[in-house]
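Protein chains in written order, with my numbering: chain A, 3 to 287; chain B, 1489 to 1763; chain C, 420 to 864.
Rather than coming from a laboratory, the hints here were simulated on the basis of the structure.
Yeah, the Cβ is synthetic: ideal placement off N, Cα and C, and Gly gets one too.
One or more of the hints may lead you astray.
Claimed, not checked - Non-contacting residues of chain C with respect to chain A, defined by C-beta distances greater than 10 Å in every case (computed): (1) LYS613; (2) ARG774; (3) LYS798; (4) ARG831.
Said to hold, decoys possible - Computed list of lysine to any residue pairs in SDA-like fashion (alpha-carbon distance at most 20 Å, straight line): (5) B:LYS1753 / A:GLY140; (6) C:LYS862 / A:SER55; (7) B:LYS1679 / A:GLU181; (8) B:LYS1753 / A:PHE47; (9) B:LYS1753 / A:VAL95; (10) B:LYS1679 / A:ALA180; (11) C:LYS617 / A:LEU133; (12) C:LYS651 / C:ARG856; (13) C:LYS862 / A:ARG46; (14) B:LYS1528 / C:GLU698; (15) C:LYS613 / A:GLY140.
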Amino acid sequence: MRLRLWGVAFVLPALLFFAFFKYGPMGWAFWLSFTSYDMLSPPRFVGIDNFASLAADPVFVQSLQNTLGYIVASTLLITLAALLLALAVSTPVPGARACMSAIFLTNVMPIIAVCLVWRFLLHPHGLVNQLLAPFGAGRIDWLTSDTTAMPAIVMVTVWRFAPYFMVVFVAALAAIPAEYYEAAAIDGARGLRRFRSITLPLILPQLFFVVVVAALLSARLFLMPYIITGGGPGGATRVLSMLIYETGFSYLKMGRAAAISVVLFAIVLALTLAQMKLFMRDEEA
Amino acid sequence: MKRRLPGLRWLGLPPLAGLTLLVLLPVLWMLSTSFQASEKMFQLAMDWIPRSWHPENYPNALHRAPFPLFFFNSIVVSLVVMAGNVVFCTLAGYGLAKFRFPGDRFALLAILSTLMLPLEVTLVPTFLIVHSLGWLNTYQGIFAPLLVDAFGIFLMRQFVLGVPTDYLEAARIDGAGEVRILWRIVLPQCKPALAVLALFAYRDSWDQFLWPLAVVSRDEYRTYPLGLVRFAEDYGNPQTEQMAVAVMATVPVFVLFLLLQRLLKRGFGLTGLKG
Amino acid sequence: MTTRRDFLRRTSAGAAALGVLGAPALGAAQGAPTRVPMKLTYWTWENPQQRPWQKKRIDQYTQLHPNISVEFQYFAFSDLGKKVSVGYATGTAPDGFTTGDWLMPTWLTRKLIAPLDVQQLGYGSLDAFRNDHAPAFVAGAVHEGKAYGYPLWFYGVPLHVNTKQFREVGLDPVKDEPKTWEQLGEVAKRLTIKDGSKFTRQGFKWAMHASQWTAFQFNPILLQCGGQWFDKHGKCTINNEAGVRAMTIRASIARKYGAEDPADSLATAPVPWMDWLKERCAMFSSPPIGPLAVKPINPQMEAEGYYKAYVMPGVTEDKRYSTCYGFNCVVNANASKEKQEVLHHMYRFMMSDLRDCWIATAPLTLARKSGWTELPEVKSTPNIEAFLRAKDTGVFLPRTPVWSELADALHRAVQKVMLSSGDIKQVLNEAAAEVDRATAELKKG
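Given these sequences and hints, build the entire structure.
Right, dumping it as structure tokens:
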């Protein structure tokens, strides 16, 4: 009983903070999705009009499809890349640490520089195509062809965020006590088997973290597609978060933007619940 | 006995270095461009090593706009956000990881839910809250809503889960108080996690754009992303100087990373607590 | 102490006299509107010449009237509208600000900007005000018999060509001036150089990087073809026969004449004319470009001066015009009467030295007709006749509160046509439907 109170006490400051700064505004946003609000005059109640009109709007539907694809692809690839990078830089190779620091630089570069540089590198006659030319790739219009634009954005997203999560995995790997590996070595386990039976279970909490957070991040992210392709070509890289920004701030239709956010919220909530179910089965009761 | 780390041990240094270089190409491009003459911007056939060096891009950029002030503001805000997150996220993460109370799963979900609505729709009410406190165009206006972030709470929870509960229970049996247990037993084992938390909190605050844009309309409180975007929109500012500012912006977080990454070394496991 | 200027201002005869003179003489202040200490906020957008000049003029104003202080803030161009909107939503909007002329309907329909007293701006009547300014500006700022904006710069969109490249392929920059769209295509074709699938040089490029640009480049073509953005019931009509013809013209440079590669561009938001400056394309359509913009990126072009501007081509030789758009100073309707008066005064002062304005911001033209075009500095500016003609004959952008949705829908349509080989009629149908949906949304709220 006493422990229960302590548990609540530890969590309370954060919850109070959120109650003040987050839940209020979130509630307001939910309410707003049932109104028409252009920021310049007071909100007007319209019921489920916003949702109905979204369902009938091809631009919204396209953005929804783009977003789902983007979240799934980014989450999987980021997690995989982060794990591989973390394993690579945790090897007892001289200079591995320096490589980790260097790789982390990609996450620290200001986003506007990232977008500028990648726009340039992915130019039809830019460096990426120049590097791929010996492999017979020919000219690829990365950012202006609707088949390659989204993969290009996913690629830049993975490039940007895998190092971020690599650090999480490195910390997780560092926390594994050496005794476990000594025991494994005595048992003759090595390589992939050791990874599967010792490493993976021990970093499962962080794996859960990375998967959930990568999904949340890719759901919210819009600066990269916004600056690199502007949502183009023809809306192929327009994701919901970008549509929300445009609808709210460019078109001044905040009520509608709130409705789109509610849809996004529902998607992310569902995803997170599924992930929680998957990963938290094994947690101590 | 020699400690061995998990890893793809067949990966020697050359492939690793090669991979690193490939990943870093855009960063190197940024670095190279920051030293080039402005006409050389965006040449598709690029000179990786500038034919003529223009280090004056850096002081020039600093003079065109009050970037030293902007960087200072960013540093102040980010340090406070870092401190706030380290304190509050650790407390909450610990509470969620090692304590069972009714509604604890729901609390986690409620905390994670704060990440599910984009800032654009919560901007206006958050702005009104900050405005009502009289905090527009102040440091506290910028950092207040960022002091506790759900990412940090979730991160700490996941790391603290890895601390064996036996130690906590042993300490309780010995009569240690909860705060003492947290301070003396849990935290020392979580140094890698704390390092990551501090780094991420600082870094996420460093790049914030939309929120400071809403709260600040005076140069004296502008943070560097606002300054950089405004700088970039001015075609009279050569883009080579933009890159110089971008390179400078990379430094503080990178320095923090270098300082903290020592804590990411192995050796913070169960040493010395046996028996 | 009453100065002669104070006295003149307070009599209506004096006010009319000052107005009739056009631009008042250098440094002629009109006397203080108030002796009470006052703080104003003024927001504008970032631009390397325009912003510092505005700041300078406002600083001069506050020096002349020490009881008035102005908090001058500027933001990235794309952020200014958002900051102002958030400001209105939260009661923190500035007292005075500058706005793009295409956003006037946004502020006007919600009565957020105050009507201006043209007498305080130096004009005897609304008609005098109307007649002294480019028609494109008037169409946007004068509403139901009142003026709501005081214009700063308004420009046409001339055609800029690289005369060195013209001569290289045997064209004469004067005789071979493209006057119709077909001529533009032919000239562009001759200027094009290809190396396999790569364009070493494109003949003519359309802007593909931002919806604003797509809209103001398409606007005149649509109107020249006899089309309209909306019919009298408010339905979007870009997908009718005229619209299809206009889009076909736009696509013709790439599709018919093979002179453009829409996917190959280095243009960015701050420098949309990058391809032209880097001599990757021979011709480009944009607001006036002068030496200050050319020099940082192509110092040789600036030094040797091998560039020229024409008025954009048309469907026939006599029907040539481009868009004319620009920026207005406006006054927040919620600002107090005293502040509004001071803002009138300040705006008028700002625009009272047009020679100084030209020296700082050339070749960006002003909406005002009188008081500057005869100045020697103006007349000696390269390409000034083309710039002035483009401005005075330019047509305004569609006046609609769904401007942003319209521009975005058009932008997507152009991308589908040019980058994904879309069918023009179908793509325009989709765009028109998008705009109609946006209009319907607006009518609900």
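Next item on the list: Check each numbered hint from earlier against the structure, then list the numbers of those it violates in ascending order.
Entry: Hints 4, 5, 8 contradicted; others consistent.
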